[in-house]
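J.: Line by line, the protein sequences give chains A, B, C and D.
All residue numbers for the first sequence refer to our numbering, where the first residue is 1 and numbers rise by one.
All residue numbers for the second sequence refer to our numbering, where the first residue is 1 and numbers rise by one.
All residue numbers for the third sequence refer to our numbering, where the first residue is 1 and numbers rise by one.
All residue numbers for the fourth sequence refer to our numbering, where the first residue is 1 and numbers rise by one.
Just so you know, these hints were derived from the structure itself, not from any lab.
Small disclaimer: the values here were computed from a predicted structure and weren't measured.
Some clues are possibly wrong.
For chains that are exact copies, the list does not tell them apart, and a pair is met inside one copy or across any two.
Straight-line C-alpha distance at most 16 Å; calculated EDC-like pairs for lysine to aspartate or glutamate [stated by the list, open to error]: (1) K86 - E7; (2) K62 - E41; (3) K62 - E44; (4) K62 - D21.
There are 4 protein chains.
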Amino acid sequence: MSELNLEALAARLKKFADARDWEKFHTPKNLAMALSVEVSELAEIFQWMTAEESSTVMTDEKLADAVRDELADITLYLVRLSAILKVDLLAEASAKIDRNEKRFPPIG
Amino acid sequence: MSELNLEALAARLKKFADARDWEKFHTPKNLAMALSVEVSELAEIFQWMTAEESSTVMTDEKLADAVRDELADITLYLVRLSAILKVDLLAEASAKIDRNEKRFPPIG
Amino acid sequence: MSELNLEALAARLKKFADARDWEKFHTPKNLAMALSVEVSELAEIFQWMTAEESSTVMTDEKLADAVRDELADITLYLVRLSAILKVDLLAEASAKIDRNEKRFPPIG
Amino acid sequence: MSELNLEALAARLKKFADARDWEKFHTPKNLAMALSVEVSELAEIFQWMTAEESSTVMTDEKLADAVRDELADITLYLVRLSAILKVDLLAEASAKIDRNEKRFPPIG
Numbered sequence: 001m002s003e004l005n006l007e008a009l010a011a012r013l014k015k016f017a018d019a020r021d022w023e024k025f026h027t028p029k030n031l032a033m034a035l036s037v038e039v040s041e042l043a044e045i046f047q048w049m050t051a052e053e054s055s056t057v058m059t060d061e062k063l064a065d066a067v068r069d070e071l072a073d074i075t076l077y078l079v080r081l082s083a084i085l086k087v088d089l090l091a092e093a094s095a096k097i098d099r100n101e102k103r104f105p106p107i108g
Numbered sequence: 001m002s003e004l005n006l007e008a009l010a011a012r013l014k015k016f017a018d019a020r021d022w023e024k025f026h027t028p029k030n031l032a033m034a035l036s037v038e039v040s041e042l043a044e045i046f047q048w049m050t051a052e053e054s055s056t057v058m059t060d061e062k063l064a065d066a067v068r069d070e071l072a073d074i075t076l077y078l079v080r081l082s083a084i085l086k087v088d089l090l091a092e093a094s095a096k097i098d099r100n101e102k103r104f105p106p107i108g
Numbered sequence: 001m002s003e004l005n006l007e008a009l010a011a012r013l014k015k016f017a018d019a020r021d022w023e024k025f026h027t028p029k030n031l032a033m034a035l036s037v038e039v040s041e042l043a044e045i046f047q048w049m050t051a052e053e054s055s056t057v058m059t060d061e062k063l064a065d066a067v068r069d070e071l072a073d074i075t076l077y078l079v080r081l082s083a084i085l086k087v088d089l090l091a092e093a094s095a096k097i098d099r100n101e102k103r104f105p106p107i108g
Numbered sequence: 001m002s003e004l005n006l007e008a009l010a011a012r013l014k015k016f017a018d019a020r021d022w023e024k025f026h027t028p029k030n031l032a033m034a035l036s037v038e039v040s041e042l043a044e045i046f047q048w049m050t051a052e053e054s055s056t057v058m059t060d061e062k063l064a065d066a067v068r069d070e071l072a073d074i075t076l077y078l079v080r081l082s083a084i085l086k087v088d089l090l091a092e093a094s095a096k097i098d099r100n101e102k103r104f105p106p107i108g
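Isolated chain A, as found in the complex (with noise of 0.2 Å):
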């Protein structure tokens, strides 16, 4: 059984790019457009919606699949521009946090 990880998911997508050639339209700029447009599609389910109706968005079964569709794609281009770039989303996000916690200090 394969582990399910941010590593395991890079190196699927790698060895999925390499078998289709498709290498050579990864580039960053390429990705970042793409994971742009991803997270776009993801926007347009909540664009007319309340604040409410986005909170039960997954109520709705096929707004579900939707949500969770796109999110996919989402995670998928970050993956693989992380991993190009050589950069470690786990780590970096932690730091980010960690500068998030002074630079923002709790209220009361």
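Start from chain A and add chains B, C and D according to the hints.
T.: Just chains B, C and D now, with coordinates in the frame of chain A:
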């Protein structure tokens, strides 16, 4: 030593938002918008570069720092949004590669 | 024959929204999101193209139609949003070029 | 008195780019990316606002200035991109409303 994974990040982000009374801002609609804004800040780094220049972006220390910072922000919003929507990013991304492997047969 | 200008477009769009009871959806926040989504649909056309391929996009009739359609949607949301915010796009754009001319002196 | 219209803007933008040797950066791909980035800067203003707060954004002088500045940038990139693609924005937008009027019949 703290383990570094998406669940641990999500837990820290929840605690971070709670401590600042920011939960009310974190609707799926707002988080999708914020995610889109962060991805555009990454795209901005590449917008006037040639494909080749984008491929060597990490050799410039200042640009590399900017790229890492934007990738961190994107990861944080993506993890926060998926936690609120109760979506398992790794499972969804993995299932999507499975579907893509059928949809786009390898060449040769 | 009706003259074609931004004010006439804005008036038609207001009438269009009124007749469908869509005014309630047309908050600045929602329209900014919708504008972002439309721009991404345009960007999607170019995302895997080289710079050179993007420069000849209008020689492909099907792609040219898609480009024109997305540019139309972008214009409609931009005009609608600026009407609701009571912003004069031409005056603001012109003033911005004035500022840019000072900010970025010509070379040579 | 200078007339203010989209053609005049496009002519000024061409002269502006020529004088700075920026024509080489202004491929449709790059301009679509830059347009997307500018729209996100506008969206950023609204991202944590409620619908109601976004509707009164222009009553806050500082926010109103920021909104006008971003709308100006969006207009400039949209006009520049359409000039390079030889697309008549007003004609395309008008034709699109015609199509939308058939596609979405008014209620009542």
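J.: Work down the list of hints and note, for each, if the structure agrees.
T.: Here's how the hints hold up against the structure:
no.: 1; hint: K86 - E7; in the structure: within (11 Å within a copy, 22 Å between copies)
no.: 2; hint: K62 - E41; in the structure: within (15 Å within a copy, 22 Å between copies)
no.: 3; hint: K62 - E44; in the structure: within (14 Å within a copy, 24 Å between copies)
no.: 4; hint: K62 - D21; in the structure: neither (34 Å within a copy, 25 Å between copies)
Violated hints amount to a single one, hint 4; each of the other numbered hints is respected by the structure.
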